[in-house]
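Protein chains in written order, with the working numbering: chain A, 1 to 312; chain B, 313 to 814; chain C, 815 to 1122.
Worth flagging that the hints you see were computed from the coordinates, not collected in a lab.
Glycine included, C-beta positions come from ideal geometry on N, C-alpha and C.
Among these hints, one or two may not hold up.
[As the list claims (entries may be wrong)] Only part of the chain C face toward chain B is listed, based on derived beta-carbon distances under 10 Å:
#1 1047
#2 1107
#3 1111
[Unchecked claim] Computed cross-link-like contacts, PhoX-like style, restricted to lysine-lysine with a CA-CA straight-line distance of at most 20 Å:
#4 438/B / 357/B
#5 312/A / 1013/C
#6 503/B / 538/B
#7 338/B / 543/B
#8 357/B / 587/B
#9 571/B / 587/B
#10 1013/C / 427/B
#11 795/B / 587/B
#12 920/C / 427/B
#13 529/B / 335/B
#14 357/B / 335/B
#15 920/C / 312/A
#16 438/B / 335/B
#17 751/B / 705/B
#18 529/B / 501/B
#19 1013/C / 426/B
#20 789/B / 586/B
#21 986/C / 426/B
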Amino acid sequence: MRDILKSNYHWVTLFTLVILVGLVDMNFWNIESLLILMGDIVPLFIMALGLTFAIYIGGIDLSAQSMANMITVIASLYLATLGLWIVPVCFLVGVILGGISGLITTRFLVPSFISTLAIGGVCYSLAQWLSGNRALYMNSESRDALFGWMLSSTGIVPNTIFVGAFVFVIALLIERRSSLGRQLKAVGSAELAASASGLLVPRVKVLAFALSGGLAALAGVIFSIKLSGGAPSIANGFLLPAIVAVLVGGTPLTGGVGGVVNTLVGTMIVAVIRSSMLYLEVAATHQQMVFGIVLIIAIVFTIDRSKLSIVK
Amino acid sequence: MLEFKNVSKEFGPVKALSNINFKVDKGEIVGLVGENGAGKSTLMKIIFGAYQADSGTIFIDGRQTRFTSPRDAMSQGIGMVFQEQSLIGNLSVMENLFLGREQEFRRFGLIDFKKMAEASRAQLAKVGLDIDPTIETSKLSFSQRQLIELAKVLTLEERISGDLVILLDEPTSVLSEDEVGLLFEIVNKLKTRAAFIFVSHRLDEVISLSDRIYVLKDGEVVDEVKGNKAKASNIQASMVGREINTEYYRQDQRLPFDKEAAPLLSVQNASVAKKFEDISFDLHAGQVLCLVGTEGAGREAIVRTLFGMHSLDRGAITFFDKPSLKITSPHAAVSNHIGYMPRERKIEGIFASMNIAENMTSSQLGAYSRYGLLKKADELKLAASWIDKLSIKTPSASTDCIRLSGGNQQKVVLAKWRSTGSRIIMLDHPTRGLDIGAKEDVYTMIREMSAAGIGLIVIPDTFEEAIGLGHNITVVKDGRAVKNFNCMQEQVTPFDLVSAMT
Amino acid sequence: MPIIVLIALVVFFTSLNPNFMSLRNFARIAIAASPFLMVAIGVTFIIIMGSIDLSMEGGVALSAVIFCFAFLFFGGTLASGGWVAIIAALGFGAAYGALNGFIHAKLLIPSFMSSLAMGFVGIGATVLLTGGGIVRIDDDVFRMLLTYRFQGFPLMVYVAVFFLIVGILIQKKTILGRNLYAIGGAEDLARASGVPVLKTRILAFSLAGFYYALAGVLQVAKLGQAESVTGANLMFLSITAAVVGGVALWGAIGGVVNALIGVLIVTVINNGMVVIGLPDYIQDGVLGLLVIAAVILSTNRSAVKFVK
């Protein structure tokens, strides 16, 4: 029983929160507003999905936010010329830059928080350069024609939820059903054993960072479509809740356990905390502090200390 | 001055030490010898306070005491010179000597380095070292660092009121002959200041230095000899203990193999700098080769080199009679049907948070996926068949390996390599930490693999395992193969192995 | 090696624009470098022991805001008692750092994560205190740190130099400083020798927090105001500076002087780009590449087993 509770504590947390907040304000249990809440958080969710892969192998991707920033700029600039191709192009840019972070980490043994921080700097710089350091607006005609559907709803379900669900299913497929997913799990749970089983550990790690970069880029695309524009710092404030979503969901910094389902739950927890702050009339300015504290608590509870001989 | 009476220590069901009686007198050098696993290191850890005894009493100068931690033992006069040097390379010699005690040199909140250097010179003089104490420690030679380590322990003299007992753990293992001579000279000189406990696997050195020698076997003191009366052969005999017959080893269950066929593996004069030198042997299908030696003799490095984890400096390794085949990474080894079961099962062997099926296919994902997607049904089928074949005790094939016993985890690792179709399998301490029944299972599996024509290299836990399993035994000492035994032609005894090793 | 890079950069920019090599420009570089140097020194203490601190943006902003509020509370001028605010801000910085160190060392959380979270908390608290706005300080006496010049350099540069020397002294001559190197060199051995690892770690983070608060106060002196973005981009810049200056991320190599050289390299690049007329937004990209190059060059790869 205790084991079951322990391995499902992210669900327990989520339901407790929903019930608690609902008790305080019954309006919270309104399906329609809950769905809108979920629709709004889709870009964050997709970024968190990407981060899941980086954290799953015991790394971190601090470039996710800068990546999304840069992609909003690229998407705004080239939507009219590229049309629907903008999505694969942006995804590819993310994959390549993420892959470079991974290569730097594996090839030159630079810790991932530094390599991704540096690549984040490069992204930020590129975004400023491409945008001329100002806010950009999308060609509204192309946006409405190509992606207008994303902003409307099917019945009471916002269409972005379908986008999020689609990406989620793909990520779940990668994690559960693909050879790559298995290799990620092996590297995350015991890197030395993975190497002794003949797995190409560096390649697996590079792919994890590439996936993280690609999904951060996708988050950027969707975010810029929602806002109909982009700017070099428009997605600032994404990184913290995205990391919180992964860790609160139960994928610990030490890697090997957890996964994309956990991140789904973690993202919902983040959404509930966020909106409950609205319902409970906690000012929006408190959010970052609250999330910082939640992050610390989440790490304290999820980290597998037996995997760390010396904590640096 | 230091005395142990009836000291015992258990780890779960395993008795590591039972009723040890042991004493060191003032100005005495006491040798401590015993095979791997005889209890030497446990005893040492109790002496310097890293472990606490379960029962028995410890006396210092007749006064009953206990050591709650290494620091506590230190404050009562027990100093430890570690085999793995405990000096921090990027600090200066004097900082290392007084690490953790800098407040003795504090003036107005700052460290008075002049005073520290002066104090250091006095300490270094004790061990006859004339070097600048402000030099960075990593710039010194190994033997110099060892003397500094000794000097660091000797700083205890000024801090405690009683006498010192200093443990020397394998201090000579990486020293040249001249350096060993110098060390012994210094230790002999220091006898007026401290008593020494000298632990080494080099019997001749223990005999020449010690006043008295304790021989440990299976956690008990089996012999105590005066240094001047000690004879290597007698000590070796008591280290090994009882003579045992063929039946005990189950040598009769060993199958013959075809020596005439081309070998699966041929190693010629292989060397890897600082790890091993000039190693040569052949391994045929069905043959079991055991590598015997002390810890750090180079056995693990040999096996890891064959698995592509170290690159060869000199010599040649030919796999499957194909000189063009070079194994330069574990990935290459696995794709060429070579398997390896590392010693550290929990870190390198098993994926604890993955299930049995996932563990088994981890080395053969190519065969269990199509277009990048896994064939999960096939995985489970494979796992089920091996669970049956090796009678792995588990609720199901999708049970996480963390829930299995050590023996069953070991079976999973073996099943992984066998199902991958490995033709050469290397096993490093395959029975380590297993209970008797699980050990028997591992022996049976090794014999089955031999019967199936797999070439096996085993680093055994005990001599009995080596004799019982091996067609050939190679004794590795200081990175060299010092002796080869052909167990099919001669009856090898543990005594033979010990004599070659020490 | 880093010092050669610094000299080469100075020569390079001077050859493109002779005005680079002038007292006025050097003073400009020194002003830009002063708060930044304090942050880099702070994080250097942490990197020496093989950890990392990513909380500086929060630490600097929060200390700066607390300083401003305290300064206004004590009458809004240095003469009326505003100097107490300096002590309050520095004391707060040390406490903030100590909490950061406690969460990392006592709760056994890898420092990059605990400090990142603490940084977020710091910025969040700043937003909370300021309501997202700006706090201004208008005291001519306090602003003399920027406006009063001695030998061509404003007072704040001398303050920075003073605390640079203090930093060097702490690193070289105090038990805390030396223990940082012992922990960075081999934490298990240091512990076995009786170095109080937990205490040292918490103290080191506290010291770093103190230096971040110093940077906060100097930022206010420079800009006359504080807000939640007062520390913006300092995380990336200060770590870049330390690493480029020769402080190894693995610990135990380099020190405060290396941080100084790194800060000068980064500031000279920033300043030089402006002087030769390049847009300033290229800097982050250039620095990103620079930090990777520096880490790659400084890593002894044979000594690292595997990396996350």
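Hint check results:
1. For residue 1047/C, the shortest C-beta to C-beta distance to chain B is roughly 32 Å, which exceeds 10 Å, and the interface hint is violated.
2. This hint is violated: residue 1107/C has a C-beta 24 Å from the nearest C-beta of chain B, more than the 10 Å allowed.
3. Below 10 Å, beta-carbon pairs count as interface contacts, and residue 1111/C has none with chain B, the closest being about 19 Å; its hint is therefore violated.
4. With a C-alpha separation of about 26 Å, the suggested pairing of residue 438/B with residue 357/B is violated against the 20 Å cut-off.
5. Taking the CA atoms of residue 312/A and residue 1013/C, the gap is about 14 Å. The hint holds against a cut of 20 Å.
6. For a cut-off of 20 Å, the pair hint linking residue 503/B to residue 538/B stands: about 17 Å separates their Cα positions.
7. Proposed proximity of residue 338/B and residue 543/B is contradicted: the alpha carbons are some 24 Å apart, above 20 Å.
8. For the suggested pair residue 357/B and residue 587/B, the alpha carbons sit about 27 Å apart, so the restraint of at most 20 Å is broken.
9. At roughly 29 Å between alpha-carbon atoms, residue 571/B and residue 587/B are farther apart than 20 Å, so this suggested pair is violated.
10. The hinted pair formed by residue 1013/C and residue 427/B fails the criterion: a straight-line CA distance of about 25 Å is larger than 20 Å.
11. The suggested pairing of residue 795/B with residue 587/B holds, with an alpha-carbon distance near 18 Å, which does not exceed 20 Å.
12. The hinted pair formed by residue 920/C and residue 427/B fails the criterion: a straight-line CA distance of about 34 Å is larger than 20 Å.
13. Only pairs whose Cα atoms come within 20 Å are accepted, and residue 529/B paired with residue 335/B is accepted, the gap being roughly 17 Å.
14. For a cut-off of 20 Å, the pair hint linking residue 357/B to residue 335/B stands: about 15 Å separates their Cα positions.
15. For the suggested pair residue 920/C and residue 312/A, the alpha carbons sit about 12 Å apart, so the restraint of at most 20 Å is met.
16. Only pairs whose Cα atoms come within 20 Å are accepted, and residue 438/B paired with residue 335/B is rejected, the gap being roughly 26 Å.
17. The suggested pairing of residue 751/B with residue 705/B holds, with an alpha-carbon distance near 15 Å, which does not exceed 20 Å.
18. For the hint linking residue 529/B to residue 501/B, the alpha-carbon distance of about 31 Å lies beyond 20 Å, and the restraint is violated.
19. Of the supplied pair hints, the one linking residue 1013/C and residue 426/B is violated, its CA atoms being roughly 26 Å apart against a limit of 20 Å.
20. Of the pairs offered as hints, the one joining residue 789/B and residue 586/B holds, with about 13 Å between alpha carbons and a cut-off of 20 Å not exceeded.
21. Taking the CA atoms of residue 986/C and residue 426/B, the gap is about 13 Å. The hint holds against a cut of 20 Å.
Against the hints set out earlier in the document, violations occur for numbers 1, 2, 3, 4, 7, 8, 9, 10, 12, 16, 18, 19.
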